[in-house]
Amino acid sequence: MEPLAPDTEVRVAVAQCFRTLSTSTETEDIISSLQTLHSFLDEGAESRSSSDQRAEFRRAHFTRTLQFLVSNIQADWLPGLSAAQRTELWDGLFLRGPPEQALLVLMEGISELRASTSLDLLISVTEQFLQSGRLAALLWSYCLLTAPSDSPQLRETLLARIVALPDLTANRLHLKNKHCFCPQQYYTLLASEMLTALERTCQALRDGTDCSLTFVSQTLGKVCIQGHSGPVFAVMAPRLSVCTRSDMVWQRVCWKLLQNVPQRWMESVLTGLVQAVSGPEAFGRIVGNLVITNKKAQFVITHKLLLLQYKYETQVLRTVLGYLSADRERRPLLIQVLRSLSQAWANPSAVKHTPLEQQLYVSKALLLSVRLLRDAELQELRSELLQCMLGGMQSHLDSSVVRIRHMGMVVGECLSARMDINKTKLKFEYDQDEETLELLSMMTPISGEEPEAEPENGVTSPLEASEKTTQNASSENKSKSDPDSDLDSDDEFTPYDMSADQEMSKESPPRYLRDCLEIFISSEDSVRLELSLRVAEGLVRKNVFAAREISVQLTKVLLHMENKYSIRGFLSLRQATMVALTVTDCIPVTQYLTTEFYSMNYSLCQRLDILEVLALAAQELSKPITAERSPPVGVPVSTDLTPYPGDNPVHWRQVVERRIQSKTKRLTKGVTQPPAKATPNRYAPVAGHFFFPLLSNYDKPQVTFDLLGGDHLVLGRLIHTLGLFMHLAVNAPIAAQMGRALLDFVWAVRYHVDQMVRRGVLFAVCSVFLSMPSQTLLVDLNEQLFETRTWLADVAEGDPDEDCRNLAIQSLVLLDKSLKKQLQDQQALSMES
Amino acid sequence: MHEPGMSRPAPSPIYTLRGAGAPLNTLHFSCHGGDPPLLFSGSGKGAIHMWNLNTRRAEKVVEGHSGNSVVWVNTLRGTDTLISQGRDMRVCLWDLSEGRSALLDSVWTGSVGFCQCSLLETSTGTHLLAFAGQEIEEIKIIELPSKTPVCILVPDAKLGMVMCIKLWQPDSGPGPLLLAGYEDGSLLLWDVTQRAQLSQAKANPEPVMCLTFDTESLRGVSGSSEKNLSSWRLDGQNNLQLQDSVTLVNPGVSQLSVRGDGKLLASAGWDHRVRIFGWKKLRPLAVLQYHTDLVLSVAFSDHQDPQQRLLAAGSKDQRISLWSIYNEGADTG
Numbered sequence: 000m001e002p003l004a005p006d007t008e009v010r011v012a013v014a015q016c017f018r019t020l021s022t023s024t025e026t027e028d029i030i031s032s033l034q035t036l037h038s039f040l041d042e043g044a045e046s047r048s049s050s051d052q053r054a055e056f057r058r059a060h061f062t063r064t065l066q067f068l069v070s071n072i073q074a075d076w077l078p079g080l081s082a083a084q085r086t087e088l089w090d091g092l093f094l095r096g097p098p099e100q101a102l103l104v105l106m107e108g109i110s111e112l113r114a115s116t117s118l119d120l121l122i123s124v125t126e127q128f129l130q131s132g133r134l135a136a137l138l139w140s141y142c143l144l145t146a147p148s149d150s151p152q153l154r155e156t157l158l159a160r161i162v163a164l165p166d167l168t169a170n171r172l173h174l175k176n177k178h179c180f181c182p183q184q185y186y187t188l189l190a191s192e193m194l195t196a197l198e199r200t201c202q203a204l205r206d207g208t209d210c211s212l213t214f215v216s217q218t219l220g221k222v223c224i225q226g227h228s229g230p231v232f233a234v235m236a237p238r239l240s241v242c243t244r245s246d247m248v249w250q251r252v253c254w255k256l257l258q259n260v261p262q263r264w265m266e267s268v269l270t271g272l273v274q275a276v277s278g279p280e281a282f283g284r285i286v287g288n289l290v291i292t293n294k295k296a297q298f299v300i301t302h303k304l305l306l307l308q309y310k311y312e313t314q315v316l317r318t319v320l321g322y323l324s325a326d327r328e329r330r331p332l333l334i335q336v337l338r339s340l341s342q343a344w345a346n347p348s349a350v351k352h353t354p355l356e357q358q359l360y361v362s363k364a365l366l367l368s369v370r371l372l373r374d375a376e377l378q379e380l381r382s383e384l385l386q387c388m389l390g391g392m393q394s395h396l397d398s399s400v401v402r403i404r405h406m407g408m409v410v411g412e413c414l415s416a417r418m419d420i421n422k423t424k425l426k427f428e429y430d431q432d433e434e435t436l437e438l439l440s441m442m443t444p445i446s447g448e449e450p451e452a453e454p455e456n457g458v459t460s461p462l463e464a465s466e467k468t469t470q471n472a473s474s475e476n477k478s479k480s481d482p483d484s485d486l487d488s489d490d491e492f493t494p495y496d497m498s499a500d501q502e503m504s505k506e507s508p509p510r511y512l513r514d515c516l517e518i519f520i521s522s523e524d525s526v527r528l529e530l531s532l533r534v535a536e537g538l539v540r541k542n543v544f545a546a547r548e549i550s551v552q553l554t555k556v557l558l559h560m561e562n563k564y565s566i567r568g569f570l571s572l573r574q575a576t577m578v579a580l581t582v583t584d585c586i587p588v589t590q591y592l593t594t595e596f597y598s599m600n601y602s603l604c605q606r607l608d609i610l611e612v613l614a615l616a617a618q619e620l621s622k623p624i625t626a627e628r629s630p631p632v633g634v635p636v637s638t639d640l641t642p643y644p645g646d647n648p649v650h651w652r653q654v655v656e657r658r659i660q661s662k663t664k665r666l667t668k669g670v671t672q673p674p675a676k677a678t679p680n681r682y683a684p685v686a687g688h689f690f691f692p693l694l695s696n697y698d699k700p701q702v703t704f705d706l707l708g709g710d711h712l713v714l715g716r717l718i719h720t721l722g723l724f725m726h727l728a729v730n731a732p733i734a735a736q737m738g739r740a741l742l743d744f745v746w747a748v749r750y751h752v753d754q755m756v757r758r759g760v761l762f763a764v765c766s767v768f769l770s771m772p773s774q775t776l777l778v779d780l781n782e783q784l785f786e787t788r789t790w791l792a793d794v795a796e797g798d799p800d801e802d803c804r805n806l807a808i809q810s811l812v813l814l815d816k817s818l819k820k821q822l823q824d825q826q827a828l829s830m831e832s
Numbered sequence: 000m001h002e003p004g005m006s007r008p009a010p011s012p013i014y015t016l017r018g019a020g021a022p023l024n025t026l027h028f029s030c031h032g033g034d035p036p037l038l039f040s041g042s043g044k045g046a047i048h049m050w051n052l053n054t055r056r057a058e059k060v061v062e063g064h065s066g067n068s069v070v071w072v073n074t075l076r077g078t079d080t081l082i083s084q085g086r087d088m089r090v091c092l093w094d095l096s097e098g099r100s101a102l103l104d105s106v107w108t109g110s111v112g113f114c115q116c117s118l119l120e121t122s123t124g125t126h127l128l129a130f131a132g133q134e135i136e137e138i139k140i141i142e143l144p145s146k147t148p149v150c151i152l153v154p155d156a157k158l159g160m161v162m163c164i165k166l167w168q169p170d171s172g173p174g175p176l177l178l179a180g181y182e183d184g185s186l187l188l189w190d191v192t193q194r195a196q197l198s199q200a201k202a203n204p205e206p207v208m209c210l211t212f213d214t215e216s217l218r219g220v221s222g223s224s225e226k227n228l229s230s231w232r233l234d235g236q237n238n239l240q241l242q243d244s245v246t247l248v249n250p251g252v253s254q255l256s257v258r259g260d261g262k263l264l265a266s267a268g269w270d271h272r273v274r275i276f277g278w279k280k281l282r283p284l285a286v287l288q289y290h291t292d293l294v295l296s297v298a299f300s301d302h303q304d305p306q307q308r309l310l311a312a313g314s315k316d317q318r319i320s321l322w323s324i325y326n327e328g329a330d331t332g
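Chains as they are written, first to last, in numbering that gives the first Met the number 0: chain A, 0 to 832; chain B, 0 to 332.
One thing to keep in mind: the hints can contain errors.
Covered, in the sense of this in silico footprint (three residues per stretch, anywhere, with C-beta under 8 Å from a C-beta of chain A), are these stretches of chain B [unchecked claim]:
#1 208-221
#2 285-292
Some chain A residues flagged as far from chain B (calculated, every beta-carbon gap over 12 Å) [as the list claims (entries may be wrong)]:
#3 T19
#4 D51
#5 N288
#6 Q378
#7 K424
#8 A499
#9 Q501
#10 M503
#11 V551
#12 K555
#13 S773
#14 I808
#15 V812
#16 L828
Which chain B residues face chain A? A few, computed with CB under 8 Å, are given here [what the hints assert, rightly or not]:
#17 V248
#18 D270
#19 Y325
Bear in mind the hints are in silico, worked out from the structure with no lab data behind them. Note that beta-carbon positions come from the ideal geometry of N, C-alpha and C, so glycine has one too.
Build out the structure end to end from the sequences listed, making use of the hints.
This is the structure in structure tokens:
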């Protein structure tokens, strides 16, 4: 008889085995058939099968065999095998054959089986599969091109199985999931298996063998797009960074790896990598000139990371821009990036309509790239940069948000210093807070941008390397702090408040308010003026009748008073006195102030002062008079240190918001405080005097003052103040009228371009909902409420300013609560009747 | 920097002692010996009050210098012997043991100035006393109780009147050293045994009103009628080296005192305020406001329990204020 062709022979043998396994009950038969199957996998000389047979088995029968085993997992003979036999013969088949086929069969089995011992068996085989490095074997087999030329579908499935293994097992095993299938463990393992495959690739390349990294790249891409770039690059990035330091083969392998990542996954790979590497040098070594050769990578690195997204740490910006600047071929991209950054920064519409965080991000990027520019390149870009600087600064300084103004100042300063315009540079005054300092720090290169340790004997494991650096860092810290420790001992004492330590003056302060007035009007003596200013508030409060005689006159003088002698705490002293006057003699003074607010020839600052004084006075009036009210007589203790409240419009808003919070909480908390003693509200009867005059003239632009035009700073503050008046008028009979008028007023400006105005509007709406009786709200504002709701929902969703969004949400909540209460009350009433 | 809003409010005195009836030129704590802790004060009308700090009453009043202002008081041998210096040009020794207040001895100084004496214990029972002499520039040193003259120190150059002196025994070196501040603002370091000037520095432009010296860290400060406290140190070769000065808000300092543990410096200001500084870096820590007239003297108590260590300030407004400040656990909690 002619010997059979190897494929037939194998098929016959495998069929024979299957038959035995499915029918026989004899353990020996079973064992011998399993051994026969094993023999097709055995390599080496003593193998019972020829290499042709083995190849044929691997190609055509291995998957079938495993599927057969899995489907017969309930067979009677399986429990009959001893543990050693089972491990050797049954488990072994899964662990020794082509890994991709084994993995597919295992995953298929796991997803089909219900919880049972059989499933446990498959799970333990899968665990072994992972632990024995079969993933690396799988990846490596694809690198070597020895894997069967598979269909795209098969490859896609395989990738999906590899990447989604934790999800598949978790779905099947629920709480009984194994430790090594947890995402953190699994992806770390996968990352090191990929590294192993890459290392073997490097070795093979050195030995002159061709390899393909397509499959590894695809795996990497797929892992990253599924959101697991963090754990993967935490392992891979430090290692790649170390390996590529001196080894050209490693560098080529890395470049190839990234080049082969499919376009649709490129972005997530790059963003993951750029966050994980330690600095621009490492990034450059790993990525190479990918940014030039790959369009997608170029878009991600030069555009998306810088201009579209803004969630990354500053280190990412340093890495990206440092990377672009580090190579001659990449430098044109840096210049291109700088152009688009400067355009983005200077764009007045962006200043108004993009979130503040993004503007900060763009500013940082701009400063970083300007720092990286060479002088020659700078010359080339000078005119553009200058234009950007001037236009951008104008739109930043126009903004009513303090942080944006600061940003404009810092960037302007840095740009002008860098460009060296006729040896002059800009200098602004701004607070050195965390944000401005961080921006300023962009202009100074970080020394030792790459903290990784120089690897000893070629390769250090990433873990060791990181340990080493932390040790270095801590020992440096220690040595740094040691010599100082002796000198620091003064710091063990916290200083007391020393603000009262003022220079002593020889003059005695005036004792009558009229004297103060005289001095304010006519005196040129700075000492007397200062003393009068310091005692004025106390005198107003001490002698109410005297104060009423001259209240308007004194208010007028104070409103026009300038700090000619740079008296410390001038603004707050003046303000406190005006507030005291308003409180003491409410109606005439409010009348005067509200009229003056819309008159000609006042500076914006004075108008803001008026609003501030009215707001503080209203606040004070609305507070119940308590017996032990802190005596306002004399100087506020820390006059020179308190910032003038007018500089910070947020403060009373915060106060009120805190009140809103406490109010909303109280509904659920129940009464925690003893009921307060009833005292008359001094504000309620006069609320209208504060409120309505300010509403009357807003739409009449004057030569010097255009509320609805350029002066939106005042508009924002005005609306805030009106909102505050509204809020304080809670429970006052006039509140309903005020609320209606206020809603009408703010309706016109609800989509104002300036976010401060929008915040004010939302604040005012909030306070209307808080203060208006819910019945009036529903009955009187019936039609408006629907539109208001739609508008609020719109703002809550789409406003670029975070505060606006929050306030809109708060308003919605308040509105709903108020309506619900009203409806319930109505129901209760109708039930009763 | 601390924020103004966050810092603790300025402290207040824990109690005050009234009834001296005259400005209080000098204060001296004596909390070492048996109970109770005592505070001695010397007034502008010649009375020395011995305040019991437990009852907060004057336990004894010694009228010693025939109505002339008492400029300095101290104690020898626990609290048994009191030594006081008055503007009647006499230094008197008083026996206070067993409730007595008898005059033991007196020394005629001949000095019409305000310079306070300085006392140094050389061995048990014997002290050196330095005081300004009859001539305006001279400093005399005598031994007590024998009253043997030790030396007379007169500077080579014209420096004006002696304003303040401090006698101490350095750890290294055989004999005691003496620091003296003069009317022209100079500081001189004298070696008492050699009778030689070791070093000179122009610490202040105005007369040196007061000085204090920490023998541990070899640093000192001196104050005058202007706004600056100048600080200086001695290097290894006993050279005076001027260091950074501290600017005060208002001019004029009457007295300076370093706490026993070398952590705090207190200054008695003409602006009615006592200022507290960290001694290491002279960082301002607190301004104590209570008095309504010049503060003339400050003293830290030598109580063994650091928590009971007080600061006393005596003022021209005839009151003594006592403060508990930066005592571990006592006021920081």
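Comparing the hints with the structure gives:
A stretch counts as covered by a chain when three or more of its residues have a beta carbon under 8 Å from one of that chain; for the stretch 208-221 of chain B and chain A the count is 0, and the coverage is violated. With 3 residues bearing a CB less than 8 Å from a CB of chain A, the stretch 285-292 of chain B meets the requirement of three and the coverage assertion stands. Every CB of chain B is more than 12 Å from the CB of T19 (chain A) (nearest about 85 Å), matching its label as outside the interface. Residue-level check passed: D51 (chain A) sits 83 Å from the nearest beta carbon of chain B, beyond 12 Å.
With a least beta-carbon separation of about 48 Å from chain B, N288 (chain A) lies farther than 12 Å from that chain, consistent with its non-interface assignment. Look at Q378 (chain A): its CB is around 42 Å from the nearest CB on chain B, clear of 12 Å, so calling it non-interface holds up. For K424 (chain A), the shortest C-beta to C-beta distance to chain B comes to about 27 Å, beyond the 12 Å cut-off, and the non-interface label holds. Remark: the non-interface label on A499 (chain A) conflicts with the geometry, its nearest Cβ contact in chain B lying 6 Å away (cut-off 12 Å).
The non-interface label for Q501 (chain A) is inconsistent with chain B: the shortest C-beta to C-beta separation is roughly 7 Å, within 12 Å. With 12 Å as the threshold on Cβ separation, the claim that M503 (chain A) sits away from chain B is violated: the shortest Cβ distance comes to roughly 5 Å. In this structure V551 (chain A) is separated from chain B by more than 12 Å, as the shortest Cβ-Cβ distance comes to about 34 Å. At roughly 32 Å from the closest C-beta of chain B, the C-beta of K555 (chain A) stays outside 12 Å, upholding its exclusion from the interface.
Every Cβ of chain B is farther than 12 Å from the Cβ of S773 (chain A); the closest lies at roughly 38 Å, confirming the non-interface assignment. The non-interface label for I808 (chain A) is consistent with chain B: the shortest C-beta to C-beta separation is roughly 31 Å, beyond 12 Å. Non-interface status of V812 (chain A) relative to chain B is upheld: no Cβ of that chain comes within 12 Å, the nearest being about 32 Å off. The beta carbon of L828 (chain A) is kept farther than 12 Å from every beta carbon of chain B, the shortest such distance being approximately 50 Å.
Given the 8 Å rule on beta carbons, the hint for V248 (chain B) holds: about 5 Å separates it from the nearest Cβ of chain A. Taken as an interface hint, D270 (chain B) checks out: its beta carbon lies about 5 Å from the nearest beta carbon of chain A, inside 8 Å. A cut of 8 Å between beta carbons decides the hint on Y325 (chain B): the least distance to chain A is about 5 Å, and the hint holds.
Consistency note: the structure conflicts with the earlier hints numbered 1, 8, 9 and 10.
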